[in-house]
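All the letters of the sequence shown, read from the start, carry residue numbers 227 to 292 under this note's numbering.
Since the hints were made in silico from the structure, they are not lab data. A virtual CB, placed ideally from N, CA and C, is assigned to each residue, including glycine. Don't take every hint at face value.
To be verified - Taking CB as the label site, the calculated pair distances span:
{"#": "1", "residue 1": "276", "residue 2": "249", "range": "36 to 44 angstroms"}
{"#": "2", "residue 1": "275", "residue 2": "236", "range": "35 to 43 angstroms"}
{"#": "3", "residue 1": "230", "residue 2": "271", "range": "52 to 60 angstroms"}
{"#": "4", "residue 1": "259", "residue 2": "234", "range": "45 to 53 angstroms"}
{"#": "5", "residue 1": "257", "residue 2": "284", "range": "36 to 44 angstroms"}
{"#": "6", "residue 1": "280", "residue 2": "249", "range": "24 to 32 angstroms"}
{"#": "7", "residue 1": "249", "residue 2": "272", "range": "53 to 61 angstroms"}
{"#": "8", "residue 1": "263", "residue 2": "243", "range": "26 to 34 angstroms"}
{"#": "9", "residue 1": "280", "residue 2": "260", "range": "25 to 33 angstroms"}
{"#": "10", "residue 1": "245", "residue 2": "281", "range": "49 to 57 angstroms"}
{"#": "11", "residue 1": "238", "residue 2": "274", "range": "52 to 60 angstroms"}
{"#": "12", "residue 1": "232", "residue 2": "259", "range": "32 to 40 angstroms"}
{"#": "13", "residue 1": "253", "residue 2": "229", "range": "27 to 35 angstroms"}
Said to hold, decoys possible - Under the rule of at most 20 angstroms between Cα atoms (straight-line distance), these lysine to any residue pairs were calculated in the SDA-like manner:
{"#": "14", "residue 1": "282", "residue 2": "270"}
{"#": "15", "residue 1": "232", "residue 2": "248"}
{"#": "16", "residue 1": "232", "residue 2": "243"}
{"#": "17", "residue 1": "282", "residue 2": "271"}
{"#": "18", "residue 1": "282", "residue 2": "272"}
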Amino acid sequence: MNVEQKIPDAETRRRNVERLRESNRQLDIFGLALDELIAMAEVELCRQRRQRMERKYNGAKQKVEE
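Given the sequences, and given the hints that come with them, work out the whole structure.
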């Protein structure tokens, strides 16, 4: 039971290649959007960490001054 693979005609191949290229472009754009979101999340995490450390050290500094 061998199934013969039929080679598509030139027009079908051209359309398929163009669809694959478009999919690739969309995936590239989506990947860049994800990179931006990750970068934004990292910035927010750094900001939160800095705020926690500032509160911690400012609180310790106030206790020492008392």
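**Unmet hints by their number, sorted upward, for this structure** = 2, 4, 6, 7, 15
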